[in-house]
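S.K.: Based on these hints, arrange chain B with the ligands on the given structure of chain A.
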Amino acid sequence: MTEPLFEVRGLTKRFRGLTAVSNVTFRVAAREIVGLIGPNGAGKTTIISLISGTLVPTAGDIVFEGRHIERLPAYRRARLGIGRTFQVMKPFPGLSVLENVTVGALFGTGGGERNRTRAEERAREWLKFTGLERRMDQRADALGGPDRKRLEFAKALAMNPKLLLLDEVMAGLTHVEVDEVVELIKKIREKGVTILVIEHVMKAIRRLADRLLVLHHGQQIAEGRTDEVLRDPRVVEAYLGKRRQ
Amino acid sequence: MNRYRWLALPIAAAALAVVPWFTSDTIVQYGINALLVATLAQAWNIIGGFSGYPSFGNSVFYGLGTYGTAIAMAQLHWSFGSGLVFGAVLGVACALLFGIPILRLRGPYFAIATLGLAAVMSAITATVEIAGKNIGLILPLFRGDTLFYELSLILLVAATGTVAWIARSRFGAGLVAIREDEDAAQVMGINTTTYKVAALTVAALFSALAGGIHAYWITFIDPASAFDPSLNVRMVIMTLFGGPGTVLGPVLGALILSAVSEVLASQATGVASLFYGIVIVAAVLLMPKGLLDLVQGFRDSGWRYFVDNVRRYRI
Ligand SMILES: Nc1ncnc2c1ncn2[C@@H]1O[C@H](COP(=O)(O)OP(=O)(O)OP(=O)(O)O)[C@@H](O)[C@H]1O
Ligand SMILES: [Mg+2]
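Here the protein sequences come in this chain order: A and B.
Just add 696 to wherever you are in the first sequence, counting from 1, and you've got this note's numbering.
Just add 271 to wherever you are in the second sequence, counting from 1, and you've got this note's numbering.
Chain A extracted, bound-state conformation (with noise of 0.2 Å):
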C-alpha cells in the first residue's frame, strides 16, 4: 500500500456507558475507494462524525496527510481537504438549490473560492454533474428525496474535498438510481477523490469498494479486499447473513 491519505489509529468514542466506537484501526490510501460496512447501530456514522469533526473522539488518533486532527474543530478539517455528507440530510432548506452548493465552493478546502461569482460557476458545474441542474433555482426543502440525496452529494462535491466521507447516500433510491450515483462515485474517483462511503446496498458496495471495513457493536470484525471480506463467515454472521441476500 502506498502512503495512506489518512489513518485511524485506536479510534474510540463513547457516549455515557455506550461505547459506540471501540478501538478501530485503519488507513485509506489516496484514491481508493473503502467501504464501511455493518449493522444498525454498529457505530459506522460515529466514525464518520468522528474523522470529519463533528464529534470529538474519546481516544485515539486520526491523521490525515502525516497531520493529526483529532483535534482540530470541523470547519478546520473541512479546509483540509474533508468533506461529508450526513444520513440524515441536511440541506439549507430555505436556499435555492445552486445557493446551496455554492456555500460549498465558497468555502471548503483551502478556503474555496472567495469570489462569489466564480464560486457560482463552479457550483453550476457540479449541478450538472450530479445531474441536478434543471433543479438549480428551486428551494432545497422542495426538493424530492433522490434529489436531495443528489443535493447533499453535489454540496459535499462543491467543498473539493481529497477525502470524501459518504453516508449512505443511497438508501431509498431505486435501482436505477443506485446505478447512476455507482457510476458517479467512480467518476468522483477519477477526479483524484479518495471515499469512504458507508452504504447498506450490498449490489453498489460489491462494485465500488476496493477494501471494505467491517464493524458490529463499535468492533473492527474484519478489514480487508471486498471479495475477501464478503466470504468471511463472522461477517457472513453478523451482518450479510441476517439480511438475507
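Do not take every clue at face value.
To be verified - Below, in silico cross-link-like pairs of lysine-lysine (DSBU-like), each with a Cα-Cα straight-line distance of 35 Å or less: (1) 824/A x 560/B; (2) 887/A x 899/A; (3) 786/A x 560/B; (4) 887/A x 824/A; (5) 883/A x 786/A; (6) 882/A x 858/A.
Note that these hints are calculated values from the structure, not bench results.
M.R.: Below, chain B with the ligands alone, put in the same frame as chain A:
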C-alpha cells in the same frame, strides 16, 4: 428598467435628506426616531435575519452606546464625536466579550441568555457612580434637530450599505448557511464562531452609534430608557414585518410600523396598541416572511399567497 434599479436607493436617501427643509419640526422629530429605530432594526437584521440568532441583547448595545456617549459628554466633558466613539467601543467590546460564550447557545437558549444580559446590564448601570446610578445623566443641551436628523440618516444609510455588502459577500453566504443549518455550515469549512461573533459585533456597532445619537438629541438618559427591552422587541417585530435577511425589508418595516404607531398614538392609546397588536398577528399569519416576500409572492401567485402561507406555517 432593471439597470437603473440601483439608482433608486441614492434617490430615496437624497429625498429623505431634504425633508427637514420642507416640513415641520414635529415631522423632523418623528423622523429622527424613525431613522434611528430603522437603523436598530437593520442592525438586528445582521444577527437575527442573516445569522438566524434571535438576539434580545441588541438593546444592551444601544444602551451602552447611550451611556458611553452620555458619560463621555456629561462627566468627562468630551466632544460629541469622541462620545460617539466611546459608546461604540463599549458596545463592540460587550459584543466581543459576551458574544463568544453566548453564541455557543442555540435557539431559545441563546434568546434567553441575551435577555439575561440585558437585565444584568441595566442593573449594573444603575449602581455605577459615573453613570449617574439610577437617576441617570443629563447631557449638554444642543438644539439642532436638522443635524440629528441628517446624522441619523447617514447612520441608516451606512448600516444599509453594510447589509447590502453582506448580502452579496462570502461572509454573508456564511452567515446564511449558519442560519439554515449550523452543523452543515461547519463541516463545509465555515468558522461558525468567528462568523457569528463578527455579525454580532457589526450589529453592536450600529446599535451603539444609534444610542449615542439618541442620547445627545434627547439630552436626558436613565437606565430604564437606555436598556428598555421593549425597544429590542420593536427591532425584532420591524425586521420580521419587513423581511428578515433582506437588504431593504427591515428599513421598510421600521418606517411603516413607526408611521402606523405614530398615527395611532395620536388617537386613543388603548385602541392604538390593540390595533398594533392585530397588525402584527395578521402579518405573522399572512406574511411570515415579511413585506418583501409578500410583494414577490403576490406578483407570482396573487391572493393565493396568503392562503399558501397560512397552510404552510400552520402550527
Ligand atoms: N449523539 C449520540 N449520543 C448518544 N448515543 C449515540 C449518539 N450517536 C450515536 N449514538 C449511538 O451509538 C451507536 C452507533 O450509532 P451510529 O449512528 O454510529 O450507527 P450506524 O452504524 O451509523 O447505524 P445505522 O446503520 O443505523 O445508520 C448507536 O447505538 C447509537 O444509538
Ligand atoms: Mg448511520
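S.K.: A separate judgement is required for each hint: does it hold in the structure or not?
M.R.: Status of each hint after checking the structure:
{"no.": "1", "hint": "824/A x 560/B", "verdict": "holds, 31 Å"}
{"no.": "2", "hint": "887/A x 899/A", "verdict": "holds, 23 Å"}
{"no.": "3", "hint": "786/A x 560/B", "verdict": "holds, 22 Å"}
{"no.": "4", "hint": "887/A x 824/A", "verdict": "holds, 15 Å"}
{"no.": "5", "hint": "883/A x 786/A", "verdict": "holds, 24 Å"}
{"no.": "6", "hint": "882/A x 858/A", "verdict": "holds, 14 Å"}
In summary, the structure agrees with every hint in the numbered list given earlier.
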